[in-house]
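> Each chain, letter by letter, is given below.
2 protein chains.
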Amino acid sequence: MDTTKIDSLDRLTNEFSKLPGVGKKTAGRYAYYIVTGSLAQAQGFAEAILEAKEKVKFCSNCGNFADAEVCPICKQRGEQTICVVKEPKDVMAIEKAHTYNGSYHVLHGTINPLANVAPKDIKIAELIARVSKGQTKEVILATSPDVEGEATAMYIASLVKPYGVKVTRIAQGLAAGTQLEFADEVTLTRALRDRIQL
Amino acid sequence: MDTTKIDSLDRLTNEFSKLPGVGKKTAGRYAYYIVTGSLAQAQGFAEAILEAKEKVKFCSNCGNFADAEVCPICKQRGEQTICVVKEPKDVMAIEKAHTYNGSYHVLHGTINPLANVAPKDIKIAELIARVSKGQTKEVILATSPDVEGEATAMYIASLVKPYGVKVTRIAQGLAAGTQLEFADEVTLTRALRDRIQL
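Protein chains in written order, with the numbering used here: chain A, 70 to 267; chain B, 70 to 267.
None of the hints are false.
In this list, chains with the same sequence are indistinguishable; a pair is considered to hold if it fits within one copy or across any two.
Simulated crosslink set (DSS-like; lysine-lysine; CA at most 25 Å straight-line):
| id | residue 1 | residue 2 |
| --- | --- | --- |
| 1 | K94 | K126 |
| 2 | K87 | K124 |
| 3 | K124 | K94 |
| 4 | K206 | K165 |
| 5 | K93 | K155 |
| 6 | K165 | K94 |
| 7 | K155 | K192 |
| 8 | K93 | K124 |
| 9 | K144 | K155 |
| 10 | K189 | K230 |
| 11 | K126 | K192 |
| 12 | K158 | K94 |
| 13 | K87 | K165 |
| 14 | K165 | K144 |
Calculated directly from the structure, the hints in this document are not laboratory data.
Whole structure, please, built from the sequences with the hints as guidance.
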C-alpha cells in the first residue's frame with residue numbers, strides 16, 4: 070500500500086508538470102503552495118486561468134494577443150511594414166523599445182524538423198495572404214538568430230520576395246554593453262561582415 | 070497607450086508569479102502555455118486546483134497530507150516512534166526508502182528569524198501535545214542539516230527531553246556515491262566525529 074498517495078494532489082502535480090520546463094519536483098512544490106494556501110487564493114488562481122483562456126484571443130490579422138477580433142496595433146498602423154516574430158512576447162519586447170511604428174506578424178513558432186514543426190504548422194500562410202493584398206512595402210524578419218529562426222527567415226524570404234516586397238532581416242552583431250573579447254565567433258563574423266559606414 | 074497590455078493575461082501572469090521561485094518572465098511563459106492550449110486543458114487545470122484545495126486536508130494528528138481526518142500512517146503505526154520533518158515531501162522521501170516503520174510529525178516549516186518564522190508559527194505545540202500523552206518512546210529529529218533545520222532540531226530537543234523521551238537526530242556524513250575529496254569541511258568534520266565502529 071502506498072501510504073503517501075493522494076489522488077487529487079497527484080492530479081494537480083500532474084497538471085503543473087505540463088507547464089513548459091516544469092518537472093515532477095517543481096510541480097510538487099507548486100501543488101504544495103496551492104494546498105497550503107487559502108481557499109480564496111486557489112479560487113483566484115483557477116478563475117484567472119479560465120478568464121484568461123476565455124478572454125485572451127489572438128488578432129485575426131497578425132496573430133498577436135488581443136482582447137478583440139483585431140488588435141490595437143493592426144487597427145492603428147496599417148500593412149505597410151510588417152515585422153515577423155516568433156511569439157507574442159517578442160512583440161512586447163520590440164514595443165518596449167519604442168522604436169518601431171509598423172505592424173507585426175506572429176508566427177507562433179519557427180520551423181523545426183527535429184520537433185516536427187513544419188512550415189504549415191506556423192502562421193506563414195497567413196503572412197503571405199497579408200502580403201498578397203499589395204499594401205505591404207517591407208517585411209522585416211525578426212526571428213531569433215538561432216538555427217530555427219534563421220531557417221524560418223530564409224524560407225519566408227523566398228516566399229515573400231516574388232511579391233516585389235522589400236525583405237529585410239534584423240541586424241546581428243555585438244549586443245549593447247557586452248565585451249568584444251567574450252563574443253563568439255559567429256557573432257564576431259557577422260558584426261564585421263555587416264559593419265556600417267560612419 | 071500601452072499597445073500590448075491585456076488585463077486577463079496580466080492577471081494570470083500575476084497568479085503564476087506567486088508560485089515559489091517563479092518570476093515575471095517564467096510566469097509569462099506559463100500564461101502563454103495556458104492561453105495557447107485548448108479550452109479543455111485550461112478547464113482541467115482550473116478544476117485540479119479547486120479539487121486539490123478542497124480534498125487535500127492535513128492529518129489532524131501528524132500534519133501530513135491526508136484525504137481523511139487522520140492519515141493512513143497515523144492509523145496504522147501508533148505513537149511509539151515519531152519522526153519530525155519540515156514538510157510533507159520529506160515524509161514521501163523517507164517512505165520511498167522503505168526503511169522506517171514509525172509515525173511522522175510534519176512541522177510545516179522550520180524556525181527562521183530572518184523570515185519571521187517563530188516557534189509558534191510551526192507545529193511544535195502539536196508535537197509536544199502528542200509526546201505528552203506518554204505513549205512515545207523516541208522522537209527522531211529529521212529536519213535538514215542546514216542552519217534553520219539544526220536550530221529547529223535543537224529547540225525541539227530541549228522541549229521533548231523533559232518528558233523522558235529518547236531524542237535522536239538523523240546521522241550526518243558523506244552521502245552515498247559521493248567523492249570524499251569534494252565534501253565540504255562541515256560534512257567531513259561531522260562524518261569523522263560521528264564515525265561508527267565496524
